[in-house]
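Engineer: Residue numbers (this note's numbering), protein chains in the order written: chain A, 1 to 371; chain B, 1 to 67.
I should point out that these hints are in silico values taken from the structure, not numbers from a laboratory.
Built from N, CA and C at the ideal position, the CB exists for glycine as well.
Among these hints, one or two may not hold up.
[To be verified] Per label pair, the in silico range of CB-to-CB distance:
1. A/369 x B/64: 38 to 48 Å
2. B/66 x A/322: 28 to 38 Å
3. A/212 x B/58: 42 to 52 Å
4. B/8 x A/68: 56 to 66 Å
5. B/28 x A/359: 35 to 45 Å
6. A/213 x B/7: 48 to 58 Å
7. B/56 x A/369: 19 to 29 Å
[Claimed, not checked] Which stretches of chain A does chain B cover? Using the computed rule of at least three CB atoms under 8 Å from a CB of chain B, they are:
8. 284-298
9. 319-331
10. 337-348
[As the list claims (entries may be wrong)] Non-contacting residues of chain B with respect to chain A, defined by C-beta distances greater than 10 Å in every case (computed):
11. 8
12. 22
13. 24
14. 26
15. 28
16. 29
17. 43
18. 62
19. 67
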Amino acid sequence: MGEVYLGNSRFALGEGSVGTMGSVTGAFTSESPLHPAAREVLLDAMDKGWADPTKLHRPSRELSILLDESRAVFGRHFQTPVHTIHFLGEVSLGYHLGISGFRQQSHGTFYYPATSRHEVLALATTMKSQLLPVDLEGRSDIPEGSTADLLAFANINGETGAHATDAGNFLGTTFIDATADPLTALPSRWDSALWDSRSWSGPAGLGIFALREESQWHNPLPRLDQLKVPGGFNPALAIASAVALDAHVAEHERTAQQNKSFNSQIRRFVTESIGDVDIASPQDAAAHLLSFSFLYVDAEQLIDRMERRGFSLDSGSACTSANLEPSHVLAAMGRLTHGNVRLTLHSETTEESVRSMLDALKSVIEELRSA
Amino acid sequence: MHRLDCRGARCPLPIIHLAQEVSALHSGTLITLFSDDPATWPDLQAWARMREKKVRQIDAITFEVIV
Chain A
1 MGEVYLGNSR
11 FALGEGSVGT
21 MGSVTGAFTS
31 ESPLHPAARE
41 VLLDAMDKGW
51 ADPTKLHRPS
61 RELSILLDES
71 RAVFGRHFQT
81 PVHTIHFLGE
91 VSLGYHLGIS
101 GFRQQSHGTF
111 YYPATSRHEV
121 LALATTMKSQ
131 LLPVDLEGRS
141 DIPEGSTADL
151 LAFANINGET
161 GAHATDAGNF
171 LGTTFIDATA
181 DPLTALPSRW
191 DSALWDSRSW
201 SGPAGLGIFA
211 LREESQWHNP
221 LPRLDQLKVP
231 GGFNPALAIA
241 SAVALDAHVA
251 EHERTAQQNK
261 SFNSQIRRFV
271 TESIGDVDIA
281 SPQDAAAHLL
291 SFSFLYVDAE
301 QLIDRMERRG
311 FSLDSGSACT
321 SANLEPSHVL
331 AAMGRLTHGN
341 VRLTLHSETT
351 EESVRSMLDA
361 LKSVIEELRS
371 A
Chain B
1 MHRLDCRGAR
11 CPLPIIHLAQ
21 EVSALHSGTL
31 ITLFSDDPAT
41 WPDLQAWARM
51 REKKVRQIDA
61 ITFEVIV
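So that you can see chain B by itself, here it is in the shape it has in the complex:
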């Protein structure tokens, strides 16, 4: 399972780091993203819409992304 810890990073860094991580992974892979930036959840949803990925929020700072 892939984990990406972006706690402490401000927007847009969590999404940039996620995009870099995703580019190296096979389609269908699950990534757990940790981020405490308030812009992460809205931006993650917008990114998923633009990049046709699936995302969900687990708790305030934990998110799952299916590549």
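Here chain A stands alone, though its shape is the one from the complex:
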């Protein structure tokens, strides 16, 4: 049995090897299995993480130290002071805390790009707000605004991988949605930010919320104390997530190169060997995300036939969504919404899996277009 260190704390690894995730070579979906390193420490983290970290008993104090060590990992990788880091048991809650928390103070306008996540669009309906249109590349013009205004944007768009427009001239308060990628550096100026543990193959059900500008912020939730976030997160998940992030960062150099090369290979193939494709992801987008749409193709049939050939893909097309509405991101960018395929490249993605997925894609599209 091996061990893993988080700060000065040692975790015993479970039986069995820190294996590869062999069963997922055909998976190009946004979700990925837990990172093997996180999976291995999870049981030991559960053993150490059952106490209430706010109490004074020995197990509580030990857990409190462990959580501080986990916070230190997040603070280091996200380049933000440890005291600004908070754990959330519900990722989506971070949008409310980060956006509405600044709203109560100011009477300004809330600005948000049309490609923002649904949580942001929902919050916009609760306040004086202005949607920022985006161009074909997903860029928007960020106004200068005033100090009373609020801006929310994603540093990386979760569907297309598009980088955010520079918001350096904005005068108000800024919330960054960093849930699509933990390693893209945040802009120099921000006031609150949110990360999702799943984006580094950490356990689901854990959000990391950072609050830099406390003086302007008021907890938007009903409360009797000074706590900034509800304490309902699972400490074991926070510990395992920190281990997963460390491992993700360690692998980053290799996977970043690999993703870049797979990304160009896929772009070239769908354009030259399949054709009539609208690539929504800008050329300089985050390489692990790639969204493109095939003209005259029904995405539901496409996804279904790819699944039968052993490849799991995501889609933003209306026919694949629960409410039969097309992806608001594609629609806002003016991109083709039908026949859409959204790929997420993982550290386990191989040359072979990319090549065979592309061959399958070509033959499925030919079948569907000739039907």
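Chain A is fixed; fit chain B onto it per the hints.
Structural biologist: For chain B alone, coordinates are given in the frame of chain A:
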């Protein structure tokens, strides 16, 4: 005047039907497309960009296409 009624058809059928219709028409012909699918307007604009056609929205379910 050419009319194409795609009401009740789900994406990508309205655009596929439109493309089939367009292939038989001379350049410059005007087609009125009726479609109540929520993806039609965004897809029509994307199709027009990819195929170098002109489109405009008349109302929620009515669109004009110049071939």
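Engineer: Does each hint fit the structure? Answer for all of them.
Structural biologist: For each hint, the structure was consulted:
As the Cβ distance of residue 369 of chain A to residue 64 of chain B is approximately 26 Å, the hint placing it in 38 to 48 Å is violated. Between residue 66 of chain B and residue 322 of chain A, the C-beta spacing of about 36 Å keeps the proposed range 28 to 38 Å intact. Taking 42 to 52 Å as the suggested C-beta distance range, the pair residue 212 of chain A and residue 58 of chain B conforms, at roughly 49 Å. Hint check: residue 8 of chain B to residue 68 of chain A, Cβ distance near 60 Å, so the stated range 56 to 66 Å holds.
Distance hint check for residue 28 of chain B and residue 359 of chain A: the Cβ-Cβ separation is about 41 Å, which falls inside the suggested range of 35 to 45 Å. Restraint check, residue 213 of chain A to residue 7 of chain B: a C-beta distance of roughly 51 Å satisfies the suggested window 48 to 58 Å. In this structure, residue 56 of chain B and residue 369 of chain A meet the distance hint of 19 to 29 Å, their C-beta atoms being roughly 28 Å apart. Here's how the segment 284-298 of chain A fares: 5 of its residues keep a CB closer than 8 Å to some CB of chain B, so the rule of at least three is met and the hint holds.
Coverage of a stretch by a chain is defined here by at least three residues with a beta carbon nearer than 8 Å to that chain's beta carbons; for the segment 319-331 of chain A and chain B the count is 6, and the condition holds. Restraint check on the segment 337-348 of chain A versus chain B: 3 residues with Cβ-Cβ distances below 8 Å, three needed, restraint holds. With a minimum CB-CB distance of about 13 Å to chain A, residue 8 of chain B clears the 10 Å threshold, and the non-interface call stands. Annotated as non-interface, residue 22 of chain B keeps its C-beta farther than 10 Å from every C-beta of chain A; the closest such distance is 12 Å.
In this structure residue 24 of chain B is separated from chain A by more than 10 Å, as the shortest Cβ-Cβ distance comes to about 16 Å. The beta carbon of residue 26 of chain B sits about 22 Å from the closest Cβ of chain A, which is more than 10 Å, so the claim that it is off the interface holds. Remark: the non-interface label on residue 28 of chain B is consistent with the geometry, its nearest Cβ contact in chain A lying 22 Å away (cut-off 10 Å). For residue 29 of chain B, the non-interface assignment is confirmed: its Cβ lies about 20 Å from the closest Cβ of chain A, beyond the 10 Å cut-off.
A cut-off of 10 Å between C-beta atoms contradicts the statement that residue 43 of chain B is not in contact with chain A; the least separation is 6 Å. Distance check on residue 62 of chain B: its Cβ is at least 19 Å (rounded) from any Cβ of chain A, clearing the 10 Å threshold; non-interface status holds. No beta-carbon of chain A comes within 10 Å of the beta-carbon of residue 67 of chain B; the shortest separation is about 16 Å.
Hint check: violations occur at hints 1 and 17; the rest are consistent with the structure.
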